[in-house]
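With chain A held as given, fit chain B onto it using these hints.
There are 2 protein chains.
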Amino acid sequence: MRDLMLQDPTRRKALFTGGGLAALAAVPEVALADGVGNDPPAKMTSSGKALPEYAGWKNADAMIVHSANTIELKRSHFGHGLLTPTDCLFVRNNLNPPSADIVKDREAWAVEVTGVAKPARLTLADLKRMGLTSVTMVLQCSGNGRGYFPHKPSGTQWKEGAAGCVVFTGVAVKDVVKALGGLADGAQYMTGTGGETIPDGVDPKTVMVERSVPLSDIEDALLAWELNGEPLPLAHGGPVRMIVPGYTGVNNVKYVRQLAFTAQQSPAKIQQSSYRFTPVGVKGSPDAPSLWKVPVNSWITTPADQSVKAGRVQLAGVAFGGFYPIKGIEVSVDGGQTWTAAKWFGPDLGRYAWRNFVLEVDLKPGTYRVASRAVNDQGEAQPKERQENERGYNNNSWLDRSIELVVA
Amino acid sequence: MRDLMLQDPTRRKALFTGGGLAALAAVPEVALADGVGNDPPAKMTSSGKALPEYAGWKNADAMIVHSANTIELKRSHFGHGLLTPTDCLFVRNNLNPPSADIVKDREAWAVEVTGVAKPARLTLADLKRMGLTSVTMVLQCSGNGRGYFPHKPSGTQWKEGAAGCVVFTGVAVKDVVKALGGLADGAQYMTGTGGETIPDGVDPKTVMVERSVPLSDIEDALLAWELNGEPLPLAHGGPVRMIVPGYTGVNNVKYVRQLAFTAQQSPAKIQQSSYRFTPVGVKGSPDAPSLWKVPVNSWITTPADQSVKAGRVQLAGVAFGGFYPIKGIEVSVDGGQTWTAAKWFGPDLGRYAWRNFVLEVDLKPGTYRVASRAVNDQGEAQPKERQENERGYNNNSWLDRSIELVVA
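Listed in order, the protein sequences are those of chains A and B. The first sequence begins at 1 in our numbering and counts up one residue at a time. The second sequence begins at 1 in our numbering and counts up one residue at a time.
So here's chain A without its partners, still in its complex pose (with noise of 0.2 Å):
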């Protein structure tokens, strides 16, 4: 029986890749894995929801499973690592991913590049010969801390979590364009398509994955094929995602199968109207401005969630500039009445990148409430209050990320 169960292919996908909610709630011994910090960890989050299959390889401690395509990490699980590991990283899918097929031979995988000299139809195999670079960055949700907008704008609530700093290797999009002889004339915007399938009987422009970004700011573009040092994930686009640094993530183009310079936004609704900053009450269009640049932001990531004993007591936190260098950092520990600067740690991974901060304070039993906030080089700083949107997009307040802090 033990053998024959085992064939049970089902059965042996729900064990090994979190299945769902019925499969897990007939294994209630595999959260004894918890806790011990070396055993692969259970798949069920604290949150009761099972992470989904493409990503049941997720640290499930450190996530909060909103739904099959909006995985979140805790604040209590940021670390101070540089790097946000890979299984720590938040999961945001437009559209439900590809199958799995597509990473099981990574090097075929093709992207048709358009609006160059000479367009072309790029393996994977072809694009590791024509370039080989890194960049480390903030990827983040343009809806993280959409969370704390009183008017619950919809999609996923999001706070901190839905964002991480991680490094992408792959080609520089220069050098692919440089390669195929230059952007044909008149084009204006990197377009990139995904490679997810659209259901039957929708009009494609309605749910399709493509968006668009000027040419002003892809210096650093990437096609990339690796991510932390491993190949890409499905989960995170793989085989090769379109990463755009210093812009939200829904620019950062998963499973890319189409780059095209074009003269004109793409039509697609993603572009057009979705991901448009709008007053409350007001829905996207085209003549408002596009989510793009990645805002100016910080937060406490230690002590979360935790009371602390009196005495020395170190904050620490991440912070970064957005689309610019981070500059400052100050920490309050009385709800923003004053501020000191905190002491970076570790080293700058580049202007995309977010930074280790810790501020040593002596405090006494009693709450605070305890605060970060953060400046960039243009001088863009995190303001107090979010600036309301219909959308609940690129909220950086300070004040609502701040935490309640409990000194026994």
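The hints are simulated quantities; they were obtained by calculation from the structure and are not laboratory data. Glycine included, every Cβ here is placed at the ideal spot set by N, Cα and C. Be a bit skeptical, because a hint or two may be false.
What the hints assert, rightly or not - Facing chain B, a subset of chain A residues (Cβ under 8 Å, in silico):
no.: 1; residue: Thr86
no.: 2; residue: Lys128
no.: 3; residue: Arg129
no.: 4; residue: Ser134
no.: 5; residue: Glu226
no.: 6; residue: Gly229
no.: 7; residue: Gly350
no.: 8; residue: Asn356
Claimed, not checked - Okay, derived cross-link-like pairs now, BS3-like style, lysine-lysine, Cα gap no bigger than 25 Å in a straight line:
no.: 9; chain 1: A; residue 1: Lys309; chain 2: B; residue 2: Lys178
no.: 10; chain 1: B; residue 1: Lys343; chain 2: B; residue 2: Lys384
no.: 11; chain 1: B; residue 1: Lys174; chain 2: A; residue 2: Lys309
no.: 12; chain 1: B; residue 1: Lys118; chain 2: A; residue 2: Lys309
no.: 13; chain 1: B; residue 1: Lys174; chain 2: A; residue 2: Lys343
no.: 14; chain 1: A; residue 1: Lys178; chain 2: B; residue 2: Lys343
Same frame as chain A, now just chain B:
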């Protein structure tokens, strides 16, 4: 029957942690998870040995299991991500690791600190209040490259993969010393004692892991509790490890239970006669140089274990200066007759880290001997030939690590 089987704790463990050869032989389907890149890896490595239970979460595709206490990263899996993912970091234990019970309540782990004005027993919770910083460093076994020595020194026959570049986070040793009133008179060494269980009936000195390092080199030393942003796994010395950046692996004492500032080096065999650099045929002794500083080194990682198509080829690898900052890197495709400066890519993570390099070349069909040669800021360059020594330590020969590249 299914439920009954799932309540068998032995079987459950085998499925989730790698178990052993016997367990996996009964589950051939597990291997199907390979190659997809998104499922948890099968625990059987391609070398035909299963990962040991305490390291069952390692990436089986990437690792070579020499023994339960020696696990190497394949040259083909170094990637280009600045840091080595924790599941790809080599393992080398001098004794079996302690029970996983020690990482169940991490905050309670205690380190006895002696040789200071105010000796103290500090729990991890205490240490976390005393400071917070991180260091990015190459962690490399003293015997990395031993597999190239022709006299077959005893010990693991490592090639390149007993090395990784990682971030350790913890409190600076100098801050701990300061908090405890400074060093006692006469201190010359920092001596760390590991938390392994000493077998009954054995003289502890003959097997205990206790290493001493000179105080002149501990400016950046840590007591670390995080590796790459996550709680330090047992396999890498959690809950707390003594970290001496720029020093070979053995000096970074795992599960450290005592930190002593001493006038003399430890009397343990591992300090007095093991890990000493001696001519071939001569046993280690206290008057021979101790294995302390990591030497300058580099190797090609891409391409690895494959032939490539004629035309444009990207030759990439890692280079590090050891205890001193890396300064230069050159690549040869003709076995060292001519050298060309390669290009760094990705940020500089500090003096103890490695850097990724790449050289773009156009190659006609043929067979090439590809090598890399690094130099640090002290002018120390990798030699062509290894320095022969009894135990096969500190191999940084560029010839040994060169690869044959077939271009078709």
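Hints and how they fare:
no.	hint	in the structure
1	Thr86	holds (7 Å)
2	Lys128	holds (7 Å)
3	Arg129	holds (5 Å)
4	Ser134	holds (4 Å)
5	Glu226	holds (6 Å)
6	Gly229	holds (2 Å)
7	Gly350	holds (5 Å)
8	Asn356	holds (7 Å)
9	Lys309/A with Lys178/B	holds (21 Å)
10	Lys343/B with Lys384/B	holds (21 Å)
11	Lys174/B with Lys309/A	holds (23 Å)
12	Lys118/B with Lys309/A	holds (22 Å)
13	Lys174/B with Lys343/A	holds (17 Å)
14	Lys178/A with Lys343/B	holds (19 Å)
Figure legend: structure checked against the earlier numbered hints; every hint is met.
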